[in-house]
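Peer 1: Residue-level listing of the chains:
There are 2 protein chains.
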Amino acid sequence: MAAGAAALVAAAGIVRADEGMWTFDNFPSAKVKQAYGVDITPAWLDKVRGASVRLSTGCSASVVSKDGLVLTNHHCVAGCAQDFSTPQQDYIQLGYAVASRRDERTCPGMQAEILTNISDVTERVTAATAGQTGQAFVKSRDAAMGAIEKEGCAGREATHRCQVISLYQGGQYKLYAYRKYSDVRLVFAPALETAFFGGDPDNFNFPRYDLDASFLRLYEGGAPVSFPGHLRWNADAPSDGEPVFVAGNPGSTSRLLTAEQLETLRGVVFPRLLTQFAELRGRLIAFGERGPEQQRIATHQLFGVENSFKAIFGEQEALNSPGFMGAKHRADDALKGAVATDANLRAATGDAWGEIARAQTDAAALYPAYSLLESRPGSGSDLYAYARRLVRGAQERAKPNAERLPEYADARLPLLEKTVLDAKPVDSAMEQLLLEFWLTKLRESLTADAPQTKLYLGRESPEALSRRLATSRLGDPALRKQLWDGGLAAVRASDDPLIVYVLATDEAARAVRKAYETRVSGPSDRAAARIAHARFAVYGTSQYPDATFSLRLSYGKITGWTQPGGEVVAPFTKISGLYDRATGAAPFALAPKWITARARLAGDTVLDVSTSNDVVGGNSGSPLINAKGEVIGAIFDGNIHSLGGDFAFDPVLNRSVAVSTAAITEALEKVYGQDELVRELTQR
Amino acid sequence: MAAGAAALVAAAGIVRADEGMWTFDNFPSAKVKQAYGVDITPAWLDKVRGASVRLSTGCSASVVSKDGLVLTNHHCVAGCAQDFSTPQQDYIQLGYAVASRRDERTCPGMQAEILTNISDVTERVTAATAGQTGQAFVKSRDAAMGAIEKEGCAGREATHRCQVISLYQGGQYKLYAYRKYSDVRLVFAPALETAFFGGDPDNFNFPRYDLDASFLRLYEGGAPVSFPGHLRWNADAPSDGEPVFVAGNPGSTSRLLTAEQLETLRGVVFPRLLTQFAELRGRLIAFGERGPEQQRIATHQLFGVENSFKAIFGEQEALNSPGFMGAKHRADDALKGAVATDANLRAATGDAWGEIARAQTDAAALYPAYSLLESRPGSGSDLYAYARRLVRGAQERAKPNAERLPEYADARLPLLEKTVLDAKPVDSAMEQLLLEFWLTKLRESLTADAPQTKLYLGRESPEALSRRLATSRLGDPALRKQLWDGGLAAVRASDDPLIVYVLATDEAARAVRKAYETRVSGPSDRAAARIAHARFAVYGTSQYPDATFSLRLSYGKITGWTQPGGEVVAPFTKISGLYDRATGAAPFALAPKWITARARLAGDTVLDVSTSNDVVGGNSGSPLINAKGEVIGAIFDGNIHSLGGDFAFDPVLNRSVAVSTAAITEALEKVYGQDELVRELTQR
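Those protein sequence lines, which keep their order, are chains E and Y. Start counting the first sequence at 6; every next residue gets the next number (the numbering used here). Start counting the second sequence at 6; every next residue gets the next number (the numbering used here).
If we strip away everything but chain E, and leave its shape as in the complex, we get (with noise of 0.2 Å):
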């Protein structure tokens, strides 16, 4: 973030130019139509909603054919081409294609999801806090909010989900219903060092050279689902300063939190999160360099990681750019200013702002063990992550729904059961090396001393301890179909090593969520819901929630930005730049079909583009959307400015980055020969 983020901050309450990541019912409409001419109607709302979709493994897309085709980001599909991959093929490196739909395969885990419905839902969430604190307040809110997720799609299930969203930090509650595709199966995906070319050193980057696009199917009943709704695919290249939208689901945003939150995040959070991520990184480096097979393993994982960090770390810059955090206390000292001078409002926020700001000392003290024992333990491990499902799906099915922690409900059982059930290949080299990982940093972060590191670790190192837990044998599906289905009598009566390992420790794990719910999230999250209530009376209810991995949507145009230093950077780039970029060395290396197509290829195609659209990463493969509601391309990045958007929006450098539908028509019909796709998608 830049010499503005103070400056941003200081107008809390007023959103800006561009600015903002709307849900579908509270667009700003009467706005667009001032800036940009464009009458966005309630039907282009549902036309766009009704196409647009949520991947549960963390992405966005939409559907661009009547046969379920739907576009998404290279980078959104990479897990499910990796479970594919073989020592023998890789479909990271050589790109993934079919030649017949008979050959799309189903992406394990993977489920799309498309918002047909929201209600709200506030006063039946509210009512059932009222007058709670602490873990009592989180324990009444999640129950409440099981229950209506569960009475929401009841007799619809298979077909259906229901989820309630938590909008203003807690200001809002807001019903979700979704209709649901669990088999979703792979089209279409470039070789990596195209739909990445630059790797992580272009990452956030613009000028970019990337084809981050990819194509899944919606399936149902071993069909592809017909579905007349799809946005129309348009292969046109985009005009400079043309008006455009992004329909897709933004992962998380902090624009709302306290100025102590954020010092939180500042001080405590991020300096873990970063220099966590950049020791695994070093040793995701290290383990890839071994040989040609450890570097097929390792290749998704670093990606994941860098980009994280890569982001976290602009994060962290954009706390630490000067101005930044006192200009955030003196927002939010505006608003108490505010709230101070009405006696009703004053009565009813009650002093907000001192509870959450109270609550950090012990958000300090309890981060290290919750984030490690609790919200991220294993640091990534698949089989960690299944041991711990089963456990604690045994132990929580057998209890009533509404005493079950919030992820067990039974409206999460169906997504949940799937990621645990769906098989893919688990590679136990690259197990040892996360859970070697994770055991060292509990005992570097709580110190040998802790009680809960001598409850993980035992007389046993982290390195010996990760060699004997990496020959669980819940990478085989049939086992885990075994202990899910046999509850908890199953789980008590394995001897995998894993779940042993969690049967002993997992009571640790659970009590770190009981104190942190007792003495952080619990009165942070009362206190937030009074400072959004507090919000809407002083500036309105034209504000727009933080992002919580829900759909939104956001206007904007084409355009490029004017760096700090005067730099001009153009809005769009060429396919021909991609051959002036390229060095021959990885990440700047062309893949042979493109050296081989080069000459075929219309240079002046434009490739990527730059917006001026709110957008943070859950929004990947978002499409880019024009005035007539036809999708032009597909979000893949922002530039590097847009990091700070976590915090602050920027309309004078916030910049999203696309990849156009010119260039995926381009490629696929001259690098590809997908004629088959081609004419699905222009419907020629």
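No lab work stands behind these hints, which were simulated from the structure alone. Since the structure is predicted, the reported quantities are computational estimates derived from the model, not experimental observations. No residue lacks a Cβ here, since even glycine has one placed at the ideal position from N, Cα and C. Accuracy of the hints is not assured; some may be wrong.
Incomplete in silico selection of chain Y near chain E, CB under 10 Å [unchecked claim]: (1) Q321; (2) N325; (3) F442.
Here are the computed lysine-lysine pairs in the BS3-like style, where the Cα-Cα straight-line distance is at most 25 Å [as the list claims (entries may be wrong)]: (4) K459(Y) x K579(E); (5) K144(E) x K179(E); (6) K519(Y) x K144(Y); (7) K315(Y) x K459(E); (8) K315(E) x K315(Y).
With chain E's structure known, arrange chain Y on it following the hints.
Peer 2: Same frame as chain E, but now just chain Y:
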């Protein structure tokens, strides 16, 4: 740093109990007399100074026998032990001992230095810089220092080294004359698992159970140096509350920096250092896991990286602790306010704080390139360091003394030449790892499009380029000698890939250094000197300067502390506690010799002690001295709270940690059978 941090900084100008790293010419003897009833006489100071050793490799030590035996830490000689090791004989894992003095071997690149005289040269340096700004200020100052150093040791260069020490951030300059010993031989080192029992998890912790002690010997003319002025070895354990002193060379503190400079550390420098150390750590761990030989090669490098990481992580926590930065600003404001009330002082100080604050924008912008290209290039690669020194050495020696980069001035050349020419092993796989890491960080930090990145990488990848550079033949001391002696002609004629590479890139490194000196260090250093004089004027001269790896004396007592949570930590650990803590799994495994010796050892022998002395890194190996001037231990660490000592001393929590002479003597006798060494120490 704990809760008290803010209060500590707020009281700047007031020196607290046991605070201070005092120069020997300004030691607060009266204060010590008052607090502890001990007379620190000029004779006492001369005696201790005359036996206190600075090791050019970054540690402290003391002469403890009439035959020039030197006590220091194991981790101060581990680099030497690693240099002696081979795949067949690993002195790090097994320890190092000699059958007789004849077998003592010279440590590569190590010089021992004993301070013989201090003289004030402030006026001469200040006069040389009068009216100068920017880089001219830096150049004039450095030229004056170089001339003073050359004159100071003229005619006795073979046995002496002269060094101008900048104190109080340029408020004073003193010429320190040292008797130097450039043939320092390794006598005894325990195994790593004994010296560093508990490894990284226990580093900066107490209670602690490490025998972090080793012995060197000073040689001259091929024979041990006769040293009648050595400190007396007292093998009796100290008692709780006993006054103790530490004479050594604390490396660097930042207590006198302004708040804005600390904000640059927190927001720019530390996040980069920490994430780079973390990733390199990960790469080294995974490299070591490839096999026993890789493990052997990576051990010492990994220790250094983990130690730096943990120290800076703790320092970053101190800067992020609630209230710290606000208190620092208030302390600055207090001094500014005092200056403002005195017209003369106001005129002399000018806008010194503003000048430093304004330089921070440039500091932030230039730091990545400055650190990667100029101040820390090669990420620890020995081959790169050789190439840089050979290239610059040839270029700089061709200039008059006053015009050289200061590190190549005549007074600095003898030690520099020693580090370049001494033979030591170079592992090309490790070199490749370090160079690859450096080049990836260069590209990541500066971006792929930066002209510097294009110059340093060309069209090669970091991976391929580092492989090529690691084929350098500069590991051969004969080639280095030929290039050093051959000067610029020989260097230019060389086809060694690293020499060619440094010749092609070094102008860019010099350019960023010039920019940094012009816009950051020049203005900041010039302003800091004026703040130092203002501080003397307002708070008097009973201040101590920030640490600068020059000889200091600190005072305090043997004492534990009470944790913020109420837990009382006793000041001693015993040998029996080592056995209690051992789990059998590294790094909590006992060395075989200690398992065998258990029954012979007096379990209640004091092993490690905690003291209230104000000590930081660089003090490692410093003698812990009793009131009689006898050595009773060797400082090897501080507790976790001591890491905040970089910015403020906390007398309640900050503790240094030493290994006792009692334990060293007991172990030499009963574990290692080093009877002759014990006789030499105890003069029995």
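Peer 1: Determine for every hint whether it applies to the structure shown.
Peer 2: How the hints compare with the structure:
no., hint, verdict
1, Q321, "holds (6 Å)"
2, N325, "holds (3 Å)"
3, F442, "holds (8 Å)"
4, K459(Y) x K579(E), "holds (22 Å)"
5, K144(E) x K179(E), "holds (18 Å)"
6, K519(Y) x K144(Y), "holds (10 Å)"
7, K315(Y) x K459(E), "holds (21 Å)"
8, K315(E) x K315(Y), "holds (22 Å)"
Hint compliance for this structure: every hint is met.
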